[in-house]
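Colleague: Residue numbers (the working numbering), protein chains in the order written: chain A, 1 to 301; chain B, 1 to 301; chain C, 1 to 328; chain D, 1 to 328.
Please keep in mind that the hints were generated in silico from the structure rather than gathered at the bench.
Be careful, since some hints might not be right.
Said to hold, decoys possible - Think about it this way: if two alpha-carbon atoms lie no more than 30 Å apart in a straight line, the pair counts; the simulated DSS-like pairs of lysine-lysine are: (1) Lys107/C - Lys286/A; (2) Lys107/D - Lys128/B; (3) Lys128/B - Lys286/B; (4) Lys54/B - Lys119/B; (5) Lys286/B - Lys107/D; (6) Lys128/A - Lys107/C; (7) Lys115/A - Lys54/A; (8) Lys76/C - Lys286/A; (9) Lys286/B - Lys76/D; (10) Lys119/A - Lys108/A; (11) Lys128/A - Lys76/C; (12) Lys50/B - Lys128/B; (13) Lys123/C - Lys257/A; (14) Lys257/A - Lys121/C; (15) Lys257/A - Lys39/A; (16) Lys283/D - Lys107/D; (17) Lys286/B - Lys283/D; (18) Lys50/A - Lys39/A; (19) Lys283/C - Lys286/A; (20) Lys121/D - Lys257/B; (21) Lys128/B - Lys76/D; (22) Lys123/D - Lys257/B; (23) Lys50/B - Lys115/B; (24) Lys123/C - Lys76/C.
As the list claims (entries may be wrong) - Residues on chain C that point at chain B, a partial pick, calculated with CB under 7 Å: (25) Ala178; (26) Arg186; (27) Gly202; (28) Val209; (29) Ile232; (30) Trp234; (31) Ala246; (32) Gly313; (33) Phe315.
Glycine included, C-beta positions come from ideal geometry on N, C-alpha and C.
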Amino acid sequence: MKDESQPALPVNSQNGNHPETIPSVAVSARALPDNLAVKCPNCRELLVGKDWEKNNHVCPRCGHHFRLSAEQRIELLLDEGTFEELAADLIPTDPLEFVSRSQSYRAKLEDEQAKSGLKESVVAGTGKIEGLPLALAIMDFRFIGGSMGSVAGEKITRAIEKGLEDHIPVLIVSASGGARMQEGLLSLMQMAKISAALARLSEAGVPYISLLTDPTTGGVMASFASLGDVILAEPGALIGFSGPRVVEQFMHQRLPKDTNTSEFVLAHGMIDAIVHRRMLRATLAKLLRLYHNAGRSAVIG
Amino acid sequence: MKDESQPALPVNSQNGNHPETIPSVAVSARALPDNLAVKCPNCRELLVGKDWEKNNHVCPRCGHHFRLSAEQRIELLLDEGTFEELAADLIPTDPLEFVSRSQSYRAKLEDEQAKSGLKESVVAGTGKIEGLPLALAIMDFRFIGGSMGSVAGEKITRAIEKGLEDHIPVLIVSASGGARMQEGLLSLMQMAKISAALARLSEAGVPYISLLTDPTTGGVMASFASLGDVILAEPGALIGFSGPRVVEQFMHQRLPKDTNTSEFVLAHGMIDAIVHRRMLRATLAKLLRLYHNAGRSAVIG
Amino acid sequence: MAYDLEFERPLAELDKRIQGLQRKGDRLKADERAQLRSLEQQLEERTRQIYGNLTRWQRVQVARHRDRPYTNDYIKLICDDYFEMRGDRRYGDDRAIQGGMASIDGKTVFILGHQKGRDLKEKTECSFGLTHPEGCRKALRMMREAERFHMPVITFIDTQGASPGLEDEQRGISQAIAENLEVMPRLHTPILSIVIGEGGSGGALAFGVADRILMLENAIYMVASPEAAASILWRDSAFASHAAEAMRITAPDLLELGLIEQIIPEPVGGAHRNHLEMAETLKAAILENLAELERLPMDVLLEKRYQRYRNIGAFATEPVKAGSGSNR
Amino acid sequence: MAYDLEFERPLAELDKRIQGLQRKGDRLKADERAQLRSLEQQLEERTRQIYGNLTRWQRVQVARHRDRPYTNDYIKLICDDYFEMRGDRRYGDDRAIQGGMASIDGKTVFILGHQKGRDLKEKTECSFGLTHPEGCRKALRMMREAERFHMPVITFIDTQGASPGLEDEQRGISQAIAENLEVMPRLHTPILSIVIGEGGSGGALAFGVADRILMLENAIYMVASPEAAASILWRDSAFASHAAEAMRITAPDLLELGLIEQIIPEPVGGAHRNHLEMAETLKAAILENLAELERLPMDVLLEKRYQRYRNIGAFATEPVKAGSGSNR
Ligand SMILES: [Zn+2]
Ligand SMILES: [Zn+2]
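Chain A on its own, in the form it takes in the complex (with noise of 0.2 Å):
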């Protein structure tokens, strides 16, 4: 953790930390072979692979729910072979000329380019849940700790025109320590663009759900991520503007142990519903089908 890999993510959070497993495939998209086995980093349970694969990638002893790539995502939730994506052809760059201490920016883009197989932190495109279509964006916390720059920005916000274009709802699933340092000032205002966009589709009576899991924190979750017209959580995920570490470093406080979780944020009213990882296609779908049978058809789909 002493690199640049990490983006504004608090750490020491009880969810924070990745599964000890081996480490390339675990984090991958890829199956597991038969044989291996995950450790529950909240319950220590030593979970069979294919199993836990299953399940969805949550603990059936506990139900910690691991994170998922964009593309175990992407298969989780839609219509099998209905994903196509949006702006796919969109690569990162150094605009800031960031001058780094230890690694350059552009090398760190192609370090973590070749090892999580994506180009950014963003896939978007649109498909379908139980036949009704959407527009989406999902963060990958893979790439850079979700961090948004401008190529996420640009991607997300080409989500939600395309939402607003043909009139479909749109989701955005968050995965995100916050806004990437290395753009600078370019990554803060990729909140005020997509806050921009969000608030021409809302204007347009099109439906916005937002889906937060482990991790959104800091820029994400100040800006689109609390936006939704309706906002869903998975459980024990970790969400809130800052981490805890630095509100404990920052104002001498000491937090009640789940601060800063889905749990805390639904306690205090900024979010509707917490959704199991298997619950969470169904809730999809009824969402989508509500949306769709408003009365003067807003939605068309």
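Please arrange chains B, C and D with the ligands on chain A, whose structure you already have, making use of the hints.
Modeller: Same frame as chain A, but now just chains B, C and D with the ligands:
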């Protein structure tokens, strides 16, 4: 206090007491004889009647703001001779044929009219402050505790409609214990009626200034009194939804000393400013000027 | 379900005798069987008779009956799909107000209302249906969502009033109620309010600025609870029954006063005797009213809603002395 | 006013010598008088030279200078009339954000911004300019008022960021910032933002979605404070100066990147050397920009504001492998 004369007004507050003086004189608009004295209910100081009047009925020792009649309020705030009354012909009836355990509602109305020289608890009209025109409605606590019945609701609504028609700012000076029980649900519905009129005013871009005076509680506080573009309060006024007595009785809570005062609602972000009666006219004039000088002249005056 | 209200004593006695006979089951003789049938007929007749002639104070008791269906009961019985929306996005999730997007006969609406809670645990969680500022704000959020997506709003009113605690004052219960009163008249979607139990004061009104207000047959709606009114008027809440009579708080009263549009009949013996039947009647009334409201163009709907409130009030005029003022 | 920043040491020395001579007053000899004039000239030249070549990290120090004018200083110096509006009408009155209706050259505007506080008492009261959720919501309320009455909105940005306390999380600091970001792009009145000191992260952005963003010459604007960025990037806030350089946080940087519209020059030696001169320059810039913005029809203004943000971002494209996706 054992008759039907009081509306939903909390008692036992530090501000809820009438000054100890010759009752029918101290609460009337007529000038006091030179040699009369008034006792401040807050600091117990004996005030010379004439001085007290010149000081706008504010205790020079502790700053306690005595209640004003509608007539006194008009004199305090408006340019001399500019007040023109609206809807002066409206008089209350007894729509429920209210069956009372003691005095009938009709008899009570007659009594109160005779005692106060008012026909109802609200005086509405138009006037000018430093030459700038406004529509206004002023509640008079002397008339059944400033309680809101159909006539009060109608007069306030007409003042708002006058502001809407002439595109001039509206000022409502509240002083009320809330709804009038003897008109039942008709009384509650006045809150909805006035608020609906204010919604139209707001949509039309005409400013509404709400001035809270001692006491403003119950349905009045929970409707138009809280809807000002700007909300001002006189110092030390009792302001709140429930009176302290209700809270302590029903919720078994002990209340800090300044609960439900002007200072309390300012601290909790519910109003813009506490304005000493000495500065009230100047502050209103400033607000009218600021609205008057808005860019695209939303307000003609 | 016992007959446990005071005025139900004759029914309770009949019911006791019926249950005595029913307990015999197959051992029932022919004359006993006839007697049972007769008693059952008597019970229904007496119920009909008693419930057809309730005093206002008795209606208060029916409206507050602990087995009376609550908002969530109706949502379960009426909706074919439901997604609860929670939180005011500012401070908390007030369980005294619950609701969300729901499907009624395949059509999406927003439905929300007071939830009193049935057992002590739920009652505590729901603050007995006394809304906090967060409840008003949550409802407002839902109403804005409804407007955005052209979904009608249905509100169920069932509360003694807004919560009068210190914390409610601190977080602006007055302001929260007032904001609803300002937004609802201009909400660009149909609003239908139904008083299902008690409608009390500002805590009810904040959810009841609507195109139409319906009341269940035994529901009540009042400027203040009878106890509070008695306390205000006569400094003694023991005169609550007197206040209930004087304030004209029942559905027929308010229909006569022109303050509500329709009375929805309850099953014999009150809504609490038959939740399912009550829900079906209610559902039919909702669908019928919504269909009528949705036929209106938006500007007509809003103008009618405005006039509905603008015209409320009873007053007279008298000649004004010359020079003392101008009239409208 | 002392020269107390590290890079001002040469100035401090000159200043000390000047003051030594000045203390002599009338007793000053002819050659000393000449020396004094020369030293004063030198001081101004050196100041000009040093302040003309500040590193980014030095600018951070100037932007944070304890004598730098704050929002309330500008309001006092710029406005001919002012009514402070307080409270979010929901929970509290956040003193970290202050503002209200004001008159500038006879024209009414809404003006609001971060107030850091000068002495410890005020700093504490203002939470050092770190906005709480209430501050965002108070600002939003003012902006809606401004829209209603067709008054332009002027925001002054001067904060290290939003307040990161537990209570801020509980009351939804994220939600509060996000709501401003959603409302400001569609606010039907001109918005002009000026970074007067530090612009830090979401706590700045929530007040900075505008038609134009101006920056004072020595102001900084950044995605995270240099300390926080260093901590995130290199796990050590001691590298703050390095982060400041790398992130390109100064007015000239951001003008070059196209993220701001204009740089407002500061008096020689920084805004803190001459509040009045700074305020006059600022006022002129405000009036000029507002006049230009107000000439635009509302739909043009809003479209331009939207495109201003829509076009932010630096990226490249590369050919996509066949079949792996579609492009926009
Ligand atoms: Zn586990
Ligand atoms: Zn006194």
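Colleague: Work down the list of hints and note, for each, if the structure agrees.
Modeller: Results of checking the hints against the structure:
1. Straight-line distance between C-alpha atoms of Lys107/C and Lys286/A comes to about 13 Å, which keeps the hinted pair within the 30 Å bound.
2. Proximity of Lys107/D to Lys128/B is assessed by CA-CA distance (about 21 Å); at most 30 Å being required, the pair is judged to hold.
3. Straight-line distance between C-alpha atoms of Lys128/B and Lys286/B comes to about 13 Å, which keeps the hinted pair within the 30 Å bound.
4. Pair hint Lys54/B plus Lys119/B holds up; C-alpha atoms about 27 Å apart against a cutoff of 30 Å.
5. Between the alpha carbons of Lys286/B and Lys107/D the distance comes to roughly 13 Å, so the proposed pair stays at or under 30 Å and holds.
6. Restraint check for Lys128/A and Lys107/C: the C-alpha separation of about 21 Å stays at or below 30 Å, so the hint holds.
7. Distance check on the hinted pair: Lys115/A and Lys54/A sit about 24 Å apart at the alpha-carbon level, within 30 Å; holds.
8. Only pairs whose Cα atoms come within 30 Å are accepted, and Lys76/C paired with Lys286/A is accepted, the gap being roughly 16 Å.
9. For the suggested pair Lys286/B and Lys76/D, the alpha carbons sit about 16 Å apart, so the restraint of at most 30 Å is met.
10. About 12 Å separates the Cα atoms of Lys119/A and Lys108/A, which keeps this hinted pair within 30 Å; it holds.
11. The suggested pairing of Lys128/A with Lys76/C holds, with an alpha-carbon distance near 28 Å, which does not exceed 30 Å.
12. Between Lys50/B and Lys128/B, the direct Cα distance comes to roughly 27 Å. Compliance with the 30 Å bound is thereby established for this hinted pair.
13. Our distance criterion of 30 Å between C-alpha atoms is met by Lys123/C and Lys257/A, whose separation comes to about 27 Å.
14. Proposed proximity of Lys257/A and Lys121/C is supported: the alpha carbons are some 25 Å apart, at most 30 Å.
15. For the hint pairing Lys257/A with Lys39/A, the CA-to-CA distance comes to about 22 Å; that is within 30 Å, so the pair holds.
16. Distance restraint check for Lys283/D and Lys107/D: the Cα-Cα separation of roughly 13 Å lies within the 30 Å cut-off, and the hinted pair is therefore satisfied.
17. For the suggested pair Lys286/B and Lys283/D, the alpha carbons sit about 21 Å apart, so the restraint of at most 30 Å is met.
18. Proximity of Lys50/A to Lys39/A is assessed by CA-CA distance (about 13 Å); at most 30 Å being required, the pair is judged to hold.
19. Only pairs whose Cα atoms come within 30 Å are accepted, and Lys283/C paired with Lys286/A is accepted, the gap being roughly 21 Å.
20. The hinted pair formed by Lys121/D and Lys257/B meets the criterion: a straight-line CA distance of about 25 Å does not exceed 30 Å.
21. For a cut-off of 30 Å, the pair hint linking Lys128/B to Lys76/D stands: about 28 Å separates their Cα positions.
22. The straight-line distance between the Cα atoms of Lys123/D and Lys257/B is roughly 28 Å, inside the 30 Å bound, and the hint therefore holds.
23. Of the pairs offered as hints, the one joining Lys50/B and Lys115/B holds, with about 23 Å between alpha carbons and a cut-off of 30 Å not exceeded.
24. A distance of roughly 18 Å separates the Cα atoms of Lys123/C and Lys76/C; the hinted pair therefore holds under the 30 Å criterion.
25. For Ala178/C, the interface hint holds, the least distance from its beta-carbon to any beta-carbon of chain B being 4 Å, beneath 7 Å.
26. Interface hint status for Arg186/C: upheld, as the beta-carbon distance to the closest one in chain B is roughly 5 Å, under 7 Å.
27. Below 7 Å, beta-carbon pairs count as interface contacts, and Gly202/C has one with chain B at about 4 Å; its hint therefore holds.
28. This hint holds: Val209/C has a C-beta 5 Å from the nearest C-beta of chain B, less than the 7 Å allowed.
29. Interface restraint check for Ile232/C: the shortest CB-CB distance to chain B comes to about 5 Å, inside 7 Å, so the restraint holds.
30. Proximity of Trp234/C to chain B holds as hinted, the smallest CB-CB distance being about 6 Å (cut-off 7 Å).
31. A least Cβ separation of about 5 Å between Ala246/C and chain B falls short of the 7 Å threshold, and the interface hint therefore holds.
32. Hint status for Gly313/C: holds, given a least beta-carbon distance of 4 Å to chain B, under 7 Å.
33. Hint status for Phe315/C relative to chain B: holds, with the closest Cβ pair at about 5 Å, below 7 Å.
In this structure, none of the earlier numbered hints is contradicted; all agree with it.
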